Amino acid sequence: MVRAADAPQHLAIRAGRIWTVTDGVIKDGVIIIKNGKIQAVRKKPDVPEGMKLLDFSDRDVMPGLIDAHCHIGLSLDIYSEIDETVLAVTPDMQIIDAFNPLADDVKKALSSGVTTVLLAPGNKNPVAGQTAVVKLYGKTTKDRVLKRSGGVKFSLRDDALMSDRRPTSRAGLLALIREELNNAKTHKDDKPDLRIEVLKSVVDANFPAYISAYTVDEIASALTVIDEYGLNAVLIGAEEGDEIAQLIAKQNIPVIYSPVLLFSRDKDLKRVVKMADSGIKIAFSSKSPRTPLSSLRTSAITAVKYGLDKEVALKGLTINAAQILGVAKRVGSIQRGKDADLVIISGDPLQPTSTVEMVIINGNIVYQRQKI
Amino acid sequence: MGFYLFMENPVVIGHKNIILISILILLFTFTISFASQDIAIKAGSIITISDNPIENGIILIKNGKIEAVGENVVLPADVRLIDANDKFVMPGLIDAQSRLFVMDRELNEGRTIEPELNIVDAIDPFIKEYREVLAQGVTAVCVAPGSRGLIGGRSAVLKLNGSKNVNKMVLKADATVKAAVGVSTGNTSSSLARLEHYSSIREALIAAKLYMQRKEKADREMAEYNRKKAEYEKKESGKETEKKEKPKRPAKFRTNPGSDVLVRILRKEIPLQVEAHRVTDIINVLRLADEFGFTLILDKCTEGYLIADEIARRKVPVIVGPVSTSFVDIPRLEYRNHNMSNAAILSKKGVKTALGVSGRDGASSKFITLAAAMAAANGLDKDAALRAITLTPAEILGVADRIGSLQVGKDADLVILNGPPLDIRSRVEMVMIEGKVVFDRKSQR
Chain A
105 MVRAADAPQH LAIRAGRIWT VTDGVIKDGV IIIKNGKIQA VRKKPDVPEG
155 MKLLDFSDRD VMPGLIDAHC HIGLSLDIYS EIDETVLAVT PDMQIIDAFN
205 PLADDVKKAL SSGVTTVLLA PGNKNPVAGQ TAVVKLYGKT TKDRVLKRSG
255 GVKFSLRDDA LMSDRRPTSR AGLLALIREE LNNAKTHKDD KPDLRIEVLK
305 SVVDANFPAY ISAYTVDEIA SALTVIDEYG LNAVLIGAEE GDEIAQLIAK
355 QNIPVIYSPV LLFSRDKDLK RVVKMADSGI KIAFSSKSPR TPLSSLRTSA
405 ITAVKYGLDK EVALKGLTIN AAQILGVAKR VGSIQRGKDA DLVIISGDPL
455 QPTSTVEMVI INGNIVYQRQ KI
Chain B
2 MGFYLFMENP VVIGHKNIIL ISILILLFTF TISFASQDIA IKAGSIITIS
52 DNPIENGIIL IKNGKIEAVG ENVVLPADVR LIDANDKFVM PGLIDAQSRL
102 FVMDRELNEG RTIEPELNIV DAIDPFIKEY REVLAQGVTA VCVAPGSRGL
152 IGGRSAVLKL NGSKNVNKMV LKADATVKAA VGVSTGNTSS SLARLEHYSS
202 IREALIAAKL YMQRKEKADR EMAEYNRKKA EYEKKESGKE TEKKEKPKRP
252 AKFRTNPGSD VLVRILRKEI PLQVEAHRVT DIINVLRLAD EFGFTLILDK
302 CTEGYLIADE IARRKVPVIV GPVSTSFVDI PRLEYRNHNM SNAAILSKKG
352 VKTALGVSGR DGASSKFITL AAAMAAANGL DKDAALRAIT LTPAEILGVA
402 DRIGSLQVGK DADLVILNGP PLDIRSRVEM VMIEGKVVFD RKSQR
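Order-wise, the sequence lines are chains A and B. Residues in the first sequence are numbered consecutively from 105, following our numbering. Residues in the second sequence are numbered consecutively from 2, following our numbering.
Derived from the structure by calculation, the hints contain no laboratory data. In this text, all values refer to a predicted model and were calculated from it rather than measured experimentally. Take these hints with a grain of salt, some might be off.
[Claimed, not checked] Below 27 Å or equal to it, Euclidean Cα-Cα: the simulated BS3-like pairs (lysine-lysine) are:
#1 B:Lys350 / A:Lys374
#2 B:Lys129 / A:Lys378
#3 A:Lys371 / B:Lys165
#4 B:Lys350 / A:Lys371
#5 A:Lys212 / B:Lys350
#6 B:Lys316 / A:Lys475
#7 B:Lys349 / A:Lys371
#8 B:Lys165 / A:Lys475
[What the hints assert, rightly or not] A few chain B positions that, by computed beta-carbon distances, are all more than 10 Å from chain A:
#9 Asn109
#10 Ser191
#11 Ser342
#12 Lys349
#13 Ile425
#14 Val438
#15 Lys443
#16 Ser444
[Stated by the list, open to error] Okay, the calculated beta carbon distance ranges per label pair:
#17 A:Ser273 / B:Arg106: 26 to 34 Å
#18 B:Glu110 / A:Val190: 48 to 56 Å
#19 B:Asp84 / A:Lys414: 26 to 34 Å
#20 A:Arg440 / B:Arg428: 35 to 43 Å
#21 B:Ala174 / A:Asp370: 25 to 33 Å
#22 A:Lys295 / B:Gly111: 57 to 65 Å
#23 B:Pro421 / A:Lys378: 36 to 44 Å
#24 B:Met104 / A:Lys243: 49 to 57 Å
#25 B:Val280 / A:Lys475: 49 to 57 Å
#26 A:Lys414 / B:Asp384: 24 to 32 Å
#27 A:Lys138 / B:Asp441: 24 to 32 Å
#28 B:Arg106 / A:Lys295: 54 to 62 Å
#29 B:Arg132 / A:Lys475: 39 to 47 Å
Each residue gets a CB set at the ideal place from its N, CA and C atoms; glycine is no exception.
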């Protein structure tokens, strides 16, 4: 195995199939990597002389997967707290400050083929804090962190209601969010206040709002607030989004969909299909540690089983997620100039029988499957 | 009266009803002969599981049983032909770790020793999810009570034949007695609690052993008494003058339903299926089996891959599940060292390995093929993966004489797919149980 530390400057990967995502599938092609970036994607299997070659002529290569919503590397288990629940409004909280890139779950996650994730606070605060977009490997912070702060997460979930602090009711939750956004809108710059400044960039639509809403009523509330303030918004969860898919599509709001749970009824399994069919841009998520990161690909596979178009499913794991998270210039497809974040897989990425065999981040081999 | 007829064994039948019964029997016979037209399935590919696959073969079904399988099968006249020339036929799938037909709260998930409980008594045949499970080719499930600790009760293998009469769903009652050791609650896992599970089950088995010995002694005494009594009565009637003392009846042995079930375990009449996740717990369970010599089935066996040799050496079969923690809602502490190659490693070491979904609720059972595909992705041979959701669970649960493979004499429980079973694009076209079409995709639209 090539150790990450001695990754060559130049590397060629020959593949039976290259799933570029943005430019179709190339049969028997070669990807040339230079200094961690994709320098060329060639439609012929020839490799320039003297270049180190990884020969995967009988394997498939796809872009590194993107988990568009999870809580990995926060040294958490399912039962611990990630939210700052004493206050209900904490837009100044940055989740990156809790991220440990060397945590066990980060190392373990590489085997699932995920290379980039959106880290987010939980659902217990109406205004929960700032998200981050990070890679699961990087020698330096610069290599690893794509966005230190990628937006503000809001929660319209019932989880945000508490008996000992505002809000205690659904209506109160919306009132509180409006109050905070109005405050930010009318704020004069005489006294600097970090929390208000963050929310001001949200109401100015410079900074995306990631709004967690699962049920129809939560999603409807989210759409109302987005419309009222003209927010640059993304929906997180949106499990019942198919019920008002037309409205979501009309407002052009992308959705980071909940993990497709493997105990759902057929009706629920078809929801994401209906949403995609309505023209909503979908990205998948694992919500790890609630489900393992490997369930990201399983979600897409299950959605395909229940009718989702294969191309849409693949995009939901890669380029659509990259676009929704605002990192598509760096990751999400196999294109010249992008980061060399690649997954070598034993077959069609959307078949459950296919296994991730190698993961490459910034040109470094960071995971290689051991023979059993 | 009708009710008694509906049951398998009429208990009380008055002679006044004989005419009524005769009529019903006649009707019944008529229905049988009407429904029992022979069926032949012409299949592009027959995955028999027990033998090599057959290309362009025929399966002949008579009275709900497989009459013949092969390339050259002579078809009787008046046979109903099902054309599946471009399709795949395989045996009905089995989820050996299902929660179908049972409400969560009725799974007896306390920490008690209640081997007398029978899951059949909690079965609700009206649960609708079974249709979704059936539509994915699952024709039988094993449902077991108790997964939180100690001995939960007796499991049963059920067919998804759509019957609303529980007794007609049951393929095998008392398939196993289900126990669990070392399962955490919430986010805590205490070593003392683990030991307590182990020692409580052990104490119950020791008590059962003593009970068995006392009962055997009482049975012997009773037999002796009956013999002497018969001898005494014979002499009395013979009016022999020789006076003999009247034999004294021994005290009646008080039976206990729970102990009776445990005795059946000790006598290897019913296997003990023990859910154990961590290595220490698995070792404890193996030790219990060594001590008492019962037939053991290891269930879940999350860290089994770490001590596969130990398990293989004792020839203990394993039902692995879940293959991925994606199947459970919130993974408990026991899954910390979960490895998706568990089934592959156990199987390679020679352990008889079945796969179960072990999902959060009954609807999860529809993902049994996905579980097998994931196991295949993680090193389990594809044929072994299919066997692990058909014949192997049937063997482990003691129903392989009826289901699990496409062999002559077995029930005609089968699935017709439009592609290879582990391919995500393949759709189940038709499902048959005992020769009856119980699902047909065409009629779904």
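Indicate whether the distance between the beta carbons of Val280 of chain B and Lys475 of chain A respects the range 49 to 57 Å. 22 Å, violated
Beyond 10 Å from chain A, beta-carbon-wise, is Ser191 of chain B? 16 Å, holds
With the threshold set at 27 Å, check whether the alpha-carbon distance from Lys212 of chain A to Lys350 of chain B stays at or below it. 25 Å, holds
Quick check on a hinted range of 57 to 65 Å for Lys295 of chain A and Gly111 of chain B, using CB atoms only. 59 Å, holds
Kindly confirm whether 54 to 62 Å is satisfied by the beta carbon distance between Arg106 of chain B and Lys295 of chain A. 56 Å, holds
Do the beta carbons of Lys414 of chain A and Asp384 of chain B sit within 24 to 32 Å of each other? Since the Cβ atoms of Lys414 of chain A and Asp384 of chain B sit about 26 Å apart, the hinted range of 24 to 32 Å holds.
Okay, Pro421 of chain B versus Lys378 of chain A on CB: inside 36 to 44 Å? 28 Å, violated
Given the hinted pair Lys129 of chain B and Lys378 of chain A, is their Cα-Cα distance within 27 Å? 23 Å, holds
Sort out whether Lys475 of chain A lies within 27 Å of Lys316 of chain B, counting only the CA atoms. 25 Å, holds
Is the nearest Cβ of chain A still more than 10 Å from the Cβ of Lys443 of chain B? Given that every Cβ of chain A is farther than 10 Å from that of Lys443 of chain B, nearest at about 17 Å, it holds.
Does the Cβ pair Ser273 of chain A, Arg106 of chain B satisfy 26 to 34 Å? 30 Å, holds
Given the hint of 35 to 43 Å, is the C-beta distance from Arg440 of chain A to Arg428 of chain B inside that range or not? 39 Å, holds
Hint compliance for this structure: hints 1, 4, 7, 8, 11, 12, 13, 18, 23, 25, 27 are not met, and every other hint is.
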